[in-house]
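Participant: Protein sequence lines, in the order shown, are assigned to chains A and B.
For what it's worth, the working numbering labels the leading residue of the first sequence as 1, then goes sequentially.
For what it's worth, the working numbering labels the leading residue of the second sequence as 1, then goes sequentially.
Just so you know, the hints here were simulated from the structure itself, not pulled from any lab data.
Please note that a few of the clues may not be correct.
[To be verified] Cβ-Cβ distance ranges computed for the label pairs, FRET-style:
1. A:Arg134 <-> B:Pro97: 56 to 62 Å
2. A:Glu62 <-> B:Ser72: 30 to 36 Å
3. B:Arg120 <-> A:Pro158: 42 to 48 Å
4. B:Asp159 <-> A:Gln284: 54 to 60 Å
5. B:Val330 <-> A:Val59: 51 to 57 Å
6. B:His66 <-> A:Glu14: 26 to 32 Å
7. B:Thr63 <-> A:Val59: 42 to 48 Å
[What the hints assert, rightly or not] Straight line, CA to CA, 25 Å or less: simulated BS3-like cross-link-like pairs of lysine-lysine:
8. B:Lys166 <-> A:Lys90
9. A:Lys86 <-> A:Lys37
10. B:Lys266 <-> B:Lys171
11. A:Lys31 <-> B:Lys40
12. B:Lys266 <-> B:Lys256
13. B:Lys40 <-> B:Lys111
We put the CB at the ideal spot given by N, CA and C, even for glycine.
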Amino acid sequence: MTTSSNAPLWEVHERLREQHGLQEVISVPVKRDSEKKKGELGCPLARACAGYLQEKVVVTAEEGRRTRVGIGWGFVMCEVAKELEKRSDKAEAAGHGTTFRPRGEIMWSPLVGNLGHKRDIEWEPTQIAERLSRVFGGTVDSFNLPAIIEPSGSLPKPHPLVSALADQADVILTSASPWNHQNGLFTIARAERQGLPRVGSDVAGLMSGVFLTPKGTPVPRRKTYYHFTGLDFEGFQSAAKRGAVVLVAGGEKRRAAALAALRGHLVSVLITTNSTARWLYEHQ
Amino acid sequence: MTTSQGLRPRLGISVSQGVRRGPCSPFLRFVRDHIEVLQKYQICATGGTAQSVLDTGLYECDTDIHFLRSGSQGGVVQLAAMVAKGHCAPVIFITDPRDLWADVPENHALKRVCIEREVRLITTYAGAVEWACFEAETAAKQNNSPPSEDDWEPLGWYDGQPNVEKARFLKLDTRKQTIALIAHDARKEHMARFVQDHIDLLRQFDRILTTGTTGWLLRLRYADSDDEDRYMRAALAELKGERFGTLAVQLEKLRKGKPNTKFSSKLLPLSSGPKGGDVLIANEILENRCHVVIFFYDPDTAHPHEADIRLLERTAQLPEVNALCVSDPVSADHWARRLEERT
Chain A
1 MTTSSNAPLW
11 EVHERLREQH
21 GLQEVISVPV
31 KRDSEKKKGE
41 LGCPLARACA
51 GYLQEKVVVT
61 AEEGRRTRVG
71 IGWGFVMCEV
81 AKELEKRSDK
91 AEAAGHGTTF
101 RPRGEIMWSP
111 LVGNLGHKRD
121 IEWEPTQIAE
131 RLSRVFGGTV
141 DSFNLPAIIE
151 PSGSLPKPHP
161 LVSALADQAD
171 VILTSASPWN
181 HQNGLFTIAR
191 AERQGLPRVG
201 SDVAGLMSGV
211 FLTPKGTPVP
221 RRKTYYHFTG
231 LDFEGFQSAA
241 KRGAVVLVAG
251 GEKRRAAALA
261 ALRGHLVSVL
271 ITTNSTARWL
281 YEHQ
Chain B
1 MTTSQGLRPR
11 LGISVSQGVR
21 RGPCSPFLRF
31 VRDHIEVLQK
41 YQICATGGTA
51 QSVLDTGLYE
61 CDTDIHFLRS
71 GSQGGVVQLA
81 AMVAKGHCAP
91 VIFITDPRDL
101 WADVPENHAL
111 KRVCIEREVR
121 LITTYAGAVE
131 WACFEAETAA
141 KQNNSPPSED
151 DWEPLGWYDG
161 QPNVEKARFL
171 KLDTRKQTIA
181 LIAHDARKEH
191 MARFVQDHID
201 LLRQFDRILT
211 TGTTGWLLRL
221 RYADSDDEDR
231 YMRAALAELK
241 GERFGTLAVQ
251 LEKLRKGKPN
261 TKFSSKLLPL
271 SSGPKGGDVL
281 IANEILENRC
291 HVVIFFYDPD
301 TAHPHEADIR
311 LLERTAQLPE
321 VNALCVSDPV
331 SADHWARRLE
341 ERT
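Here chain B stands alone, though its shape is the one from the complex (with noise of 0.2 Å):
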């Protein structure tokens, strides 16, 4: 079945290995009890998975899946990115409870996100079974618009330049590279100090990614005085509730900038940290289209969106990612005087 546009809806997956392993196992007896319902669906699933279900013939070639990466591999971060976009829904992650990696970072933001956005998220194989049965049918049925490319990009975005090429790391210059800024609450002020220390090297970046409440922030600090209302207005439908609030408080602490329109200009804030931003900046990441991760979070206290710190550091370690990322205000000075001395 296609909908009215001829799209399917996107089903994410994502399954252990230890759950798909063998060839009557739970998973692979979902597919095959349920392959009639699966193909109303685009499969969208972390390497292993996608191969598993291709491996099991029903499928005629392999445009019907899409492959992302092996999960251990930034694939889960894809899948996370997805859903934050609001390009798939529902999602299938299933882990085998005595491997090891299933309490990596990545599966927290990814569970968080599909509840931030609430999107249907099936962790076992019975619940799976029961979607299947009694759900998807119509579910896909009822999901007749094709999902949009659009929303979830701030405006004005664009797609940043990689730094890697066939495995090899580029040198960029900085004008052609992106920067993520990133702050806890408790961190705002240090992040707004760090900008201001050091706004003509970083207005020279050709992307500034941030998320939600410290991209608004930054805007309206350096906005011109005919953009601040605009700004408002943008930040008040974006920002919705309690985030806009906490923007509120830190812009009466803070003391307005000297308006810098090139900087603020070249701010693209995207979701608001709990509902997804850092996971939009990993996947960024894991793409290297972005290249210098300023993240100044706060140790002192729990954050509901702890899982989703983790994940940006554990992204920015992987082996294929060429990404330097800072943490702490003082590094995060050292590394930007050693910049301005050299350009």
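Just chain A, with the same shape it has in the complex (with noise of 0.2 Å):
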């Protein structure tokens, strides 16, 4: 029996999609899977994202029906952006430019709302979506409401970009994040932190707004909780059931957290480092 150690890597790939219903694996190559300074891991794995968001949509969108992508928030979805960025201007430079500019209309839309961020607001999902509208052209769809409501304020009715998301998007594109101090959203969030779950309790991770227990259910919500304006944990599953879902999460860090998303079935698409792969055929 081959062990995760020394199995090849076509066979890891295909045991996580046998075993998680995923379209495609897609594993980066790493020489370690801890990151010793910003973006060791993240820069890679935006790169590969980067190469299968640019065949999706330009694909798609080809086929001329209108294309609606969700977008995540954080250093990686912001990295995807940069990428493409730089590949539109090589091609633009190369003469090639009308291959990022696919006929049909594209929608991006943010998968939540404004998360206020004051330090890195080219985290923001809006400023990402936006950024990739003007590589690939199309229009930003925003929410327009902070990501994070009050809970003693009114329950808001559901946002219809949610349902537009989970019912209709082609692609979305999100990270999974571990629940702790180094967290972009608990770092938002300051002196307001009793109404997310505590850090070091039963979350093993973050995945766009949905906090997710090791099982790969939802954190039990409690009164005290904020709500999320943003695609919610069903809408993930309803996505990733059309094959929509992308995930990159890779990295010592972030395998429980990817680890649990697979076990909710919110992820159609993988993307990781080739440890972590690895890791989660051994995990599942």
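Assemble the dimeric complex from its two separately framed chains, guided by the hints.
Facilitator: Below, the structure written as structure tokens:
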């Protein structure tokens, strides 16, 4: 029997595809699965994700119909946009700029409302969506609401964009991160952290605006918790069934969050590192 | 993994757009599933294929991938020439059967050269997967001698001067030009007569490329008596078996010419046609380093290397190529006489 450490990559991919019903698994070869400096894993993952997104958007939009793309937030998503901007500029310089401008209409939608980044505003999903619309063309369709809503406020009606993403999106691009003190959302929330699950509690990770347990179920909601304006757990499941959800998550710190997302059947395409792929193969 | 000399074996790839288009296309899945194995090779791929591999984002930089021209612009010719020179093995070559372009002569020439040079040729997605799963790793470890850059070059080889510079066609003096002389077996007498009639013109060219049998025939015909034995031994070493037999038969038919060492020393016989000699000449045409092709082919007999014949013509017809191609003795004679009048 092959163990994960000596299993060839194609076998790891095949097993992950079968076990979790994935359309595709993309593993980026990396020297080590831990980040010593920022971007050491994020940038190669973003490059691979950019390649997938470029091919998917162009081919889908070339069919002439309206294409809807959901975009998550954070460092990796921002790097995806940067990579595609670079490729588009290179293609333009070589006279092939039209390869990035497919015929059909493209709608770019952030997966959550405005997070309120003060320092890393380029990580906001609406900002990333706007950058991608400048590369490929199309329009940005935002929530125009904060991502986090006070629990004392009246529960908003489900935003129409949520059902549009759940039922119609051709691609939903997101990352998954551990829920700890370094998490971007935790940093933004600051004094209002009592509205979020406690760090160290039974939370495997955060996927866009969805907190996941290690089993892949949504973290049970308490009355004190914030409401999130964005695609919810059921929305992700519905989109994943249609083959639309692309999860970019790799490295030691994000493995648990990636595994939770897979167990929750929230993923159609997984982009990760080769070491994380092997770890997931072992920990199914 | 690198070889003991730090070089990786070269893997040639050319895949039709229909097979690689789309994020979950068979080719892209192949690259993603087998990236760890592919990185043990240096990838040499035709334009669109190379770009698809690069766009997966799994390679850090484009120095890991050697870009050839696009397939329809001579990339397959370049790949075939690399195989003929022994610089590339194996080759993954997958065409879309729905694609009309799949049936062009350069595609057939590549397949033929792979067979003749005993290079592993993979023509289906399933074959590529099987190779990557079971053979690639072992093959990369075994192939630990660097590709020899000189094996294919005839003695005295040197690069010719290009006649295109920054897309501008240049008019080179005859003394700086390269001419290729090729003749099928049934037309070798015509070639011998053509050379006899215009030898003073031909020896003005900088280089005279030929396919194997034609070249050795002409060399032996115009060799000095001191050089005859040496050339005969060299021809025997180069042209094995059947082709050497053909050479011997042709020599018997033709009367020995007056020795002309200036002409015979400029001859650069490449491999014989069936062994990819025409592919090597096509590559020189593509690089604009072969400016005139005199090719006497026999339309009456079916040839096993017919694809190579059409390959030469098609290559010379590419818009960015500046080469003259003459394929019958009458036109060749007219061309030569006009040039003789001018010089």
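Participant: Hint by hint, say whether it matches the structure.
Facilitator: Hints, verified against the model:
The given range of 56 to 62 Å is broken by Arg134 of chain A and Pro97 of chain B, whose C-beta atoms sit roughly 39 Å from each other. Separation of Glu62 of chain A from Ser72 of chain B is about 20 Å and departs from the stated range, judged on CB atoms against 30 to 36 Å. Distance hint for Arg120 of chain B and Pro158 of chain A: a CB-CB separation of about 58 Å, inconsistent with the stated range 42 to 48 Å. For Asp159 of chain B and Gln284 of chain A, the hinted distance range of 54 to 60 Å is satisfied, since their beta carbons lie about 57 Å from each other.
For Val330 of chain B paired with Val59 of chain A, a C-beta distance near 53 Å keeps the hint of 51 to 57 Å intact. A hinted range of 26 to 32 Å for the beta carbons of His66 of chain B and Glu14 of chain A is consistent with their spacing of about 30 Å. Taking 42 to 48 Å as the suggested C-beta distance range, the pair Thr63 of chain B and Val59 of chain A does not conform, at roughly 28 Å. For the given pair, Lys166 of chain B sits about 21 Å from Lys90 of chain A by alpha-carbon distance, which is consistent with the 25 Å threshold.
Annotation: proposed proximity of Lys86 of chain A to Lys37 of chain A holds, straight-line Cα distance about 22 Å (limit 25 Å). Of the pairs offered as hints, the one joining Lys266 of chain B and Lys171 of chain B holds, with about 21 Å between alpha carbons and a cut-off of 25 Å not exceeded. Of the supplied pair hints, the one linking Lys31 of chain A and Lys40 of chain B holds, its CA atoms being roughly 15 Å apart against a limit of 25 Å. For the hint pairing Lys266 of chain B with Lys256 of chain B, the CA-to-CA distance comes to about 18 Å; that is within 25 Å, so the pair holds.
About 24 Å separates the Cα atoms of Lys40 of chain B and Lys111 of chain B, which keeps this hinted pair within 25 Å; it holds.
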